[in-house]
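Novice: Given chain F, put chain S in place with the hints provided.
There are 2 protein chains.
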Amino acid sequence: MKLYWAPKTRASRALWMLEEVGVDYEVETVDIRDSGRDDSPEFRSASPLGKVPALVDGDVRVAESAAICLYVADRYSSGNLAPAIDAASRGTFLYWLMFTPAVIEPAMSEKFNNIEPTPGRSGWGSFDLMMQTLEQGVADRTWRLSRRSRKTGSCR
Amino acid sequence: MKLYWAPKTRASRALWMLEEVGVDYEVETVDIRDSGRDDSPEFRSASPLGKVPALVDGDVRVAESAAICLYVADRYSSGNLAPAIDAASRGTFLYWLMFTPAVIEPAMSEKFNNIEPTPGRSGWGSFDLMMQTLEQGVADRTWRLSRRSRKTGSCR
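Keeping their order, the protein sequence lines are chains F and S.
Start counting the first sequence at 291; every next residue gets the next number (the working numbering).
Start counting the second sequence at 291; every next residue gets the next number (the working numbering).
The set of hints was computed from the structure by calculation and includes no laboratory data.
Keep in mind it's a predicted model, so treat the numbers as computed, not measured.
Pulled a few chain F residues facing chain S out of the computed Cβ check, cut under 8 Å:
no. : residue
1   : LYS341
2   : ALA392
3   : SER399
4   : GLY415
Positions of the beta carbon are idealized from the N, C-alpha and C atoms, including for glycine.
For reference, chain F alone in the conformation it holds in the complex (with noise of 0.2 Å):
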């Protein structure tokens, strides 16, 4: 399995899964502010826009932070780092997974680049919209979902 990533870019999330789930796995690092463009036909297979995190796992290739964590989590710890098919949270570990690229991404760049939200038009609808949606999403417990329960520490 190789792990295509650069420093301080979003393929850190798929350093950290591979790491949870514990499986052998080499980096390879792209130099994305230099070049701008690694297009060595292996990255760029896995990666058709050209960003990083990219992983090759035997003949599977996927690209997209979100997309690599649902892979690698239901592939070799499903039911552990995500719910299996057919469990209840399975919706809403999906929900929260897609929260980061479809919602805080999009508004974080809206809010830092001094953008007007259209929180009617856009699927995030607006950075404050995306905060308070987070914050009422963790107000009653440590993590969003947990294989630990807070109050009984048992696995649910």
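Specialist: Frame of chain F, contents of chain S only:
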């Protein structure tokens, strides 16, 4: 199973997936344009951000159109509308599934709001890079992923 939806929104993707899979479901229309938000506890438990589409399936709650399509395909049509967890095409499937919320939507939003793209920093690059990647992705095929090979007509 209940789908919260509104006309002319991304909820159409979820409706299409439910039709493809052939499950029984009911539709509840959310008037997102007049009132802005539906605050019923069931809807908000499925969609913390208050957006459509959202799906309730027994104990499962899920929102974000890509998350709903993935949940429904994995649970009710695995190996058919979604590659199995250990299939070689699983990574490619997840990548293009994420491509819509993570790349197409924010790139379109920048384009149509006349916002200068920041290709090196944003996850979506730019509108032009998004279009080029999408065009290359389907250049030699009718569908990006399909069960039926264009050349042989056999399932793969």
